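Asker: Chains W, C and X, in that order, give the protein sequences.
This note's numbering puts the first sequence at residues 1 to 283.
This note's numbering puts the second sequence at residues 1 to 266.
This note's numbering puts the third sequence at residues 1 to 300.
What the hints contain is simulated information worked out from the structure, not anything from laboratory work.
Among these hints, one or two may not hold up.
Stated by the list, open to error - Straight-line distance between alpha carbons at most 35 Å, and here's what the computed DSBU-like set of lysine-lysine pairs gives:
| hint | chain 1 | residue 1 | chain 2 | residue 2 |
| --- | --- | --- | --- | --- |
| 1 | C | K24 | W | K179 |
| 2 | W | K193 | X | K179 |
| 3 | W | K179 | C | K148 |
| 4 | C | K37 | W | K179 |
| 5 | W | K179 | C | K120 |
| 6 | W | K179 | C | K9 |
| 7 | W | K179 | C | K249 |
| 8 | C | K148 | W | K193 |
| 9 | W | K193 | C | K152 |
| 10 | W | K5 | X | K99 |
| 11 | C | K204 | W | K193 |
| 12 | C | K132 | W | K179 |
| 13 | X | K94 | C | K157 |
| 14 | W | K193 | C | K82 |
| 15 | W | K179 | C | K128 |
| 16 | C | K157 | W | K179 |
| 17 | W | K179 | C | K82 |
| 18 | X | K208 | W | K100 |
| 19 | X | K99 | C | K157 |
| 20 | X | K99 | W | K193 |
| 21 | W | K179 | C | K254 |
| 22 | X | K208 | W | K5 |
| 23 | W | K179 | C | K126 |
| 24 | W | K179 | C | K15 |
| 25 | C | K24 | W | K100 |
| 26 | W | K179 | C | K10 |
| 27 | C | K157 | W | K193 |
| 28 | W | K5 | X | K186 |
| 29 | W | K100 | X | K179 |
| 30 | X | K48 | W | K5 |
| 31 | C | K24 | X | K179 |
| 32 | W | K179 | C | K175 |
| 33 | C | K37 | C | K126 |
| 34 | C | K204 | W | K179 |
| 35 | C | K68 | W | K100 |
Please read all numbers here as calculations on a predicted model, not as lab measurements.
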Amino acid sequence: MRRVKALFYSSLSLLCLLLLFIPLIWILVEATVRGGYYILERPLEFFTDIGRPPGIPGGGIGHALQGSLYLLAMALLIGAPLGTLTGIYTAERRNSIIAKISRFVSDVIVEFPTIIVGIVAYLTLASRITGIFNTGPAALIASFSLGLIMVPITARSVEATLISISNEIREGAYSLGLKDRQVLFRILIPIAKSGIVTALLIGLAKIAGESAPIIVSNGISNFWFSNWTEPAASIPVLIYVYGLSPFNEWQTLAWAASLILLLLVLGLGFLARMVTKEVWVRV
Amino acid sequence: MGKGLSFDKKAIIIKDLHLSIGNKEIIKGMSIEFPLKAITAIIGPSGSGKTLLLKSINRLVDLIPNLKSFGEIFVILDGEVKEVHSLDPSYLRRKVGYVFQNPNPFPHLSILENVIIGAKLNSLVKKKDLVKWAKEKLEEAGLWEEVKDRLKEPAWKLSGGQQQRLCIARMLALKPEIILLDEPTTGLDIYNTKRIEELMVQLKENYTVIAVTHSVDQAARIADYIAFLYDGRLIEFDVTSRILKSPSKELTEKFITGRVLDGVRR
Amino acid sequence: MIKITTFYILAFFTLLTILILPFYIGGILYGSREFYERISFLDFLLGKEWSLPEQKYGALPAIYGTLIVAALALLIAMPISIGGAIALIEFLPKRLSDKLGIIVDLIAVIPSVVVGLWGLLALGPFLKNNLYSFLSENLSFIPLFQSSFFTSYNKLTASLVLAYMISPFALAVIKENLKLVPWSIKEAAYSLGLNHWEVVRVMLSYIKPGILAAFMIALGRAVAEAVAVSMVIGNTCSFSFSLLDPACTLSTLIINNFAEATGIEASALIGLGFVLFILALTLVILTRFIYIKALGGYLR
Chain W
1 MRRVKALFYS SLSLLCLLLL FIPLIWILVE ATVRGGYYIL ERPLEFFTDI GRPPGIPGGG
61 IGHALQGSLY LLAMALLIGA PLGTLTGIYT AERRNSIIAK ISRFVSDVIV EFPTIIVGIV
121 AYLTLASRIT GIFNTGPAAL IASFSLGLIM VPITARSVEA TLISISNEIR EGAYSLGLKD
181 RQVLFRILIP IAKSGIVTAL LIGLAKIAGE SAPIIVSNGI SNFWFSNWTE PAASIPVLIY
241 VYGLSPFNEW QTLAWAASLI LLLLVLGLGF LARMVTKEVW VRV
Chain C
1 MGKGLSFDKK AIIIKDLHLS IGNKEIIKGM SIEFPLKAIT AIIGPSGSGK TLLLKSINRL
61 VDLIPNLKSF GEIFVILDGE VKEVHSLDPS YLRRKVGYVF QNPNPFPHLS ILENVIIGAK
121 LNSLVKKKDL VKWAKEKLEE AGLWEEVKDR LKEPAWKLSG GQQQRLCIAR MLALKPEIIL
181 LDEPTTGLDI YNTKRIEELM VQLKENYTVI AVTHSVDQAA RIADYIAFLY DGRLIEFDVT
241 SRILKSPSKE LTEKFITGRV LDGVRR
Chain X
1 MIKITTFYIL AFFTLLTILI LPFYIGGILY GSREFYERIS FLDFLLGKEW SLPEQKYGAL
61 PAIYGTLIVA ALALLIAMPI SIGGAIALIE FLPKRLSDKL GIIVDLIAVI PSVVVGLWGL
121 LALGPFLKNN LYSFLSENLS FIPLFQSSFF TSYNKLTASL VLAYMISPFA LAVIKENLKL
181 VPWSIKEAAY SLGLNHWEVV RVMLSYIKPG ILAAFMIALG RAVAEAVAVS MVIGNTCSFS
241 FSLLDPACTL STLIINNFAE ATGIEASALI GLGFVLFILA LTLVILTRFI YIKALGGYLR
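Based on the provided sequences and hints, a complete structural model is requested.
Answerer: Here's what the structure looks like:
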């Protein structure tokens, strides 16, 4: 009886694991079947053209690709230095009060609803009250929120990488009479290079799929990128809008765009996972 | 500075050094004078403060969090008596070379780059002379013949003993005057241990050498003087033969005959 | 005269990062200030109706929807995560479990909008044809399955989608905790003659704090998720009990309306954001302490 029970529960646990893989496979198959064929059929149009009005077949996600590229580039510009430098400081001055507070703050804001980040960015940068931009929804504000979102995860990963460098290397560098700056930029950072790149990849993977903060701070656009103070199109938002539309052509584009986004994000994640063994589903 | 101290044939004079990490006092008032251009071995059970004493001299202890220390450490560098806490740590550490217990070459640099990085970043040697300089120092460390054909290879490809000699070459490339070695032969085979011991004896021609060692036998083989530490205090300091043959303190005798191996009295 | 050293510059950027938290708090407080000048926070929080055309702004239906959907999602996700973690750590050979572990980690990075699209165009219609039709025809005497709607998009679909999104995170935490169970505990259990499964049960009771931490982390994510849920929940605010009825949550109301909202409506949405913010902040901070306590418990 005990053995039957044990067998039953062990199989049940394996079943649970299997259950987690079914949707993943389902999503990949669905996106390939319902979107992939379109990409193969009209690759040029898909990657370079703009969406068509409802009911008219064809069109592409060129504008969303371009918009996403702009949004992510600017977000990296904002978030990467902040996250990296914070990570370096919290690792190299790990016992200081600032480092301790920073670690706590990172752990808190990393779990923060990203939609709230979008709202706060919108309220402070776009509202007529503060009037910093006085633009209404804008691409720059979306980039700003995405930048903030990647800061804590980047900082914590960079920190983990640097902490993993043995203290003897650090002491060795100082024993040669090197200055703080030289120890950091000539010794520690070059050693941690791949880990830091991974940290940035993880940050990028996290924000590349974000849609909520873009929707609330940038709104929805179906056009080519025009200006930082105007809404920009992006792949996640395109999937959201086209997916919810009742039109078959748009839904096809949404699936095709999902396939691209999945490949991008899973690729980034996989790359990061290969470079370090660090679990990035961190708390 | 250092008034009233006699520096006759001395390189380092430590006056009443205290050191604690957190609430734990590790060095409890220590005064030592290290002779010039000789090898002094520091022996004592683990936890007696050997390594921290060594790191106090070139102020590597500054990197340890929650560490407090007071007391004075005078060194002669460039012919002048200087108190280490008044010096720029970068200058001090360049002049007082340090070799660690475990070899720690920089893993991202080649063998050649490891030797020259300190000299290069401190602008001690002209850029065009760097390779020649590296060869000279690798020869001095007795490594040149083994690595001359693989200078571009990453340093971690060397064996443990070769890595340690690389670290010695890296340190020598800074033109130090005093050399501190923290149990440099730990974990090395007999061959490499012997090479490094020979090297240390050679080095005392030109440098003041202070070596922490875990083995009384090693101290007997290489040292001119021996300092015996126990529980954060200097118990005895004398020329090697006298310490080994007729120590004046009972504790010293117990230690060198292997009767106090470890464990600090609380 | 302060000498600007490398570490001062790094400290400056670190301080900027630290400022992000007060920036979030200040921003949301400042943005919702206008709204609370007109409507008292308590009236808003306990308001039973949310209707934009009628200008009725009560947060209660959205809070109800948020909690119901999150609770249901956890009910589904927790057993699966625990089971999956056990399978990975205890029942599969290490090499296979390492590879499968990578795939589970990758599930965590699937963009929520893609999971939402799957729920919207694949899972929802599938459930409607195969499950909901059965439930409403045969089990409608149970209040949970009583519904005047017959739709793909309801609390159950939303919970399933949500459960899938939070499982990898819960699983990761449980997995790490299982790894930390000291060998001596397992040894003691085996020495009592327990079989493999019974030893796993001992381990599970040993890592209870870790499971609680996993629960809290999953709850935090479930409450915060906006896009995927908004695509499959039906977006109709009500207090209906039935799982087959549509609902709304705090974040779905915001995501659906914020971009076009103006005036008092925008303020009301920011008010919802404020409630969500308080909920999330409480959960996150609580989680931190539980998690630290959990790890501390093993390291002791």
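Asker: All the hints need checking, so say for each whether the structure fits it.
Answerer: The hints, checked one at a time:
no. : hint            : verdict
1   : C:K24 x W:K179  : holds (29 Å)
2   : W:K193 x X:K179 : holds (29 Å)
3   : W:K179 x C:K148 : holds (30 Å)
4   : C:K37 x W:K179  : holds (28 Å)
5   : W:K179 x C:K120 : holds (13 Å)
6   : W:K179 x C:K9   : holds (32 Å)
7   : W:K179 x C:K249 : violated (43 Å)
8   : C:K148 x W:K193 : holds (28 Å)
9   : W:K193 x C:K152 : holds (20 Å)
10  : W:K5 x X:K99    : holds (28 Å)
11  : C:K204 x W:K193 : violated (39 Å)
12  : C:K132 x W:K179 : holds (25 Å)
13  : X:K94 x C:K157  : holds (30 Å)
14  : W:K193 x C:K82  : violated (39 Å)
15  : W:K179 x C:K128 : holds (23 Å)
16  : C:K157 x W:K179 : holds (27 Å)
17  : W:K179 x C:K82  : holds (21 Å)
18  : X:K208 x W:K100 : holds (27 Å)
19  : X:K99 x C:K157  : holds (30 Å)
20  : X:K99 x W:K193  : holds (25 Å)
21  : W:K179 x C:K254 : violated (44 Å)
22  : X:K208 x W:K5   : holds (22 Å)
23  : W:K179 x C:K126 : holds (19 Å)
24  : W:K179 x C:K15  : holds (28 Å)
25  : C:K24 x W:K100  : holds (23 Å)
26  : W:K179 x C:K10  : holds (29 Å)
27  : C:K157 x W:K193 : holds (20 Å)
28  : W:K5 x X:K186   : holds (19 Å)
29  : W:K100 x X:K179 : holds (26 Å)
30  : X:K48 x W:K5    : violated (48 Å)
31  : C:K24 x X:K179  : holds (34 Å)
32  : W:K179 x C:K175 : holds (17 Å)
33  : C:K37 x C:K126  : holds (28 Å)
34  : C:K204 x W:K179 : holds (28 Å)
35  : C:K68 x W:K100  : holds (21 Å)
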